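A.B. asks: Could you build all of it, start to finish, from the sequences and the hints given here?
Each protein sequence line maps, in turn, to chains A and B. Residue numbering for the first sequence is 988 to 1345, as defined by the working numbering. Residue numbering for the second sequence is 988 to 1345, as defined by the working numbering.
These are computed hints drawn from the structure, not numbers from a lab.
Since the list can't tell identical chains apart, any single copy or any two copies may satisfy a pair.
Listed below are the simulated DMTMM-like cross-link pairs for lysine to aspartate or glutamate, each with C-alpha atoms no more than 20 Å apart in a straight line:
#, residue 1, residue 2
1, K1330, E1311
2, K1330, E1283
3, K1330, D1297
All of these numbers come straight from a predicted model, not from anything done at the bench.
2 protein chains.
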Amino acid sequence: MNQPALGPVVVIGAGLLGASVGAALTDFGERVQLRDRIVSHARVAATLGAGSLAPIPEGEVNLVVVAVPPTALASVVAEALLEYPSAVVTDVGSVKGTVLRQLEEHFGDVNLARYVGCHPMAGSHLSGPVTARPDLFVDRTWAITPHRATAERAMETVRRLGEACGGRVVILDPDDHDAAVARVSHLPHLMSVLMADHLLDVPAEHLGLAGQGVRDVTRIAGSDPVLWEQIITTNARALRPELEGVRARLEQVIDALDNPSSDRVRSVLEGARAGTRRIPGKHGTPLVDYAHVVVEIPDTPGALAKLFADISRAGVNIEDVSIEHDPVRRVGSLSVAVDPARKDELDHLMRDAGWFVA
Amino acid sequence: MNQPALGPVVVIGAGLLGASVGAALTDFGERVQLRDRIVSHARVAATLGAGSLAPIPEGEVNLVVVAVPPTALASVVAEALLEYPSAVVTDVGSVKGTVLRQLEEHFGDVNLARYVGCHPMAGSHLSGPVTARPDLFVDRTWAITPHRATAERAMETVRRLGEACGGRVVILDPDDHDAAVARVSHLPHLMSVLMADHLLDVPAEHLGLAGQGVRDVTRIAGSDPVLWEQIITTNARALRPELEGVRARLEQVIDALDNPSSDRVRSVLEGARAGTRRIPGKHGTPLVDYAHVVVEIPDTPGALAKLFADISRAGVNIEDVSIEHDPVRRVGSLSVAVDPARKDELDHLMRDAGWFVA
Chain A
988 MNQPALGPVV VIGAGLLGAS VGAALTDFGE RVQLRDRIVS HARVAATLGA GSLAPIPEGE
1048 VNLVVVAVPP TALASVVAEA LLEYPSAVVT DVGSVKGTVL RQLEEHFGDV NLARYVGCHP
1108 MAGSHLSGPV TARPDLFVDR TWAITPHRAT AERAMETVRR LGEACGGRVV ILDPDDHDAA
1168 VARVSHLPHL MSVLMADHLL DVPAEHLGLA GQGVRDVTRI AGSDPVLWEQ IITTNARALR
1228 PELEGVRARL EQVIDALDNP SSDRVRSVLE GARAGTRRIP GKHGTPLVDY AHVVVEIPDT
1288 PGALAKLFAD ISRAGVNIED VSIEHDPVRR VGSLSVAVDP ARKDELDHLM RDAGWFVA
Chain B
988 MNQPALGPVV VIGAGLLGAS VGAALTDFGE RVQLRDRIVS HARVAATLGA GSLAPIPEGE
1048 VNLVVVAVPP TALASVVAEA LLEYPSAVVT DVGSVKGTVL RQLEEHFGDV NLARYVGCHP
1108 MAGSHLSGPV TARPDLFVDR TWAITPHRAT AERAMETVRR LGEACGGRVV ILDPDDHDAA
1168 VARVSHLPHL MSVLMADHLL DVPAEHLGLA GQGVRDVTRI AGSDPVLWEQ IITTNARALR
1228 PELEGVRARL EQVIDALDNP SSDRVRSVLE GARAGTRRIP GKHGTPLVDY AHVVVEIPDT
1288 PGALAKLFAD ISRAGVNIED VSIEHDPVRR VGSLSVAVDP ARKDELDHLM RDAGWFVA
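C.D. replies: Written out as structure tokens, the structure reads:
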């Protein structure tokens, strides 16, 4: 075992993220000390299994994880580097380049070799230690953002932290990270917020018609406004061009409403559907190209219900279905999208069951 | 049984909504004829149990349900009123006032007494008859939008249609309906679309950091662009002021990013959280005011995990948890929100189990 030590670990800030890191590391067998400005938070986290309030002597601490709100990050990281002069220090904040610049500009006397930031891409619209879970980070992206002065030991220790918590480690430049989260996290958050804020002016009887769509769009707008104000203002530099891009497109949509012959609305809707398909599947896997089993549409009631039952009994998932129409023969066929690995088998099974397969 | 007859019914347009209406009415015991410009669609719907392609003689038809795309609604409704001169005619389109105006302006010779529009608030990001389900409308709002000329028989027949499909019938003025869906359905759709369209310009490696938030916000943007272009342009009149309101608030947020001392971002975030809480719970029930069981935070590892297990074993749902801090006594307590009807019982149970309950 040539692996460098991971713990003992001090976690500063016992909210959802800090307490979850503490719980994951405790489960991993590491000794964890929990600190929080509000002692009740640390105590709740401790009684939920995220570590102990008992101080670890400064010289024994190998890693300090700073999990405080965004506006406090730089100063708490700087203090931790001074207070634990031999420990690696990281933070789990959601903005990285701005915090690094604050450290460089306002704490120029602190050597940043032992510091490297990270960002576990897990969270919840809940907050506080009560909602902490040791498996919060399992299979989630765990971004690490080394800077020029980061020492190899710091990098390796924080990489082991991410792996111990079950995350999928990704290395990114700090400013590149901030641009990425502005686009895939902070902008979506603000779009959700603008929609939800607008609901304040909607009469109650109109809200009675709300369906699943508006609930999905506004779900994350229910998150902690104090935390999100800090995230958004801390990442304002990366966020502004994204918001300006959306504003320009919104202008075009409003103008297009006055001009029915414009194809602007259609092109935005088509772009949007293509945009949703660019989001990678779970665990970062690309979307699959399905194979198609094409069956002639029979003419008897209940026949297609039986077809779907036959496919499902074969243990094959139906990923998509479309209807193809032959205007000459006046018959139609059904194209069933399935896992390419199962297509040939399914073609045979369907023929054996009496279906007319193209 | 003094109830007026509901069927026989002709459904024109065998997409998701039309085929689901047909399937619900077939299950309800009514005779249903399916018609679609694309005969394969009607045939697929029929073989899935949504009715039959066999024509019902015009004089026997009691109700015609028009379920065609928004831009075709007015003309198909007018044709149906002429083709079935003794039937009640309804449509299930998602825009009502505009369609009524089109009928009044372009089909002035058609008597609209037998027509009343409705809007079952159910749908899917899927489309086409293959995804149709007889239970699509169960417990969903089914808006009916009578106009000045609507006859009592038309109103009662369409009310029975909504009830036969399992919907919760709500009566609305047509223009009021359009304002409501602009606010709670079409605007959320466009916000989702603007976000998803923006993803086209995001580098693939940045999309790798996408979490659940952006997936939720953009889910409905994956819907059929052809259908939604029609919905949006048909309801442009009601939608424009909503979009302009969002644009104004977006301007304020962009300006506030340059001005860290502004409390604009915070106030929008707080407004948004309040906005999400205005959306009624499932089935239109108001949000509950919970009762709070307050327990002193113990000092032993695993204690709170046991507390939550004790509460759940008592069969009580934990709706929310917050930490209250007493800076003088330096102890904290946990406030657990539960169903008010269970509070006293739970207080006793917790005391009996050895917890210090306030």
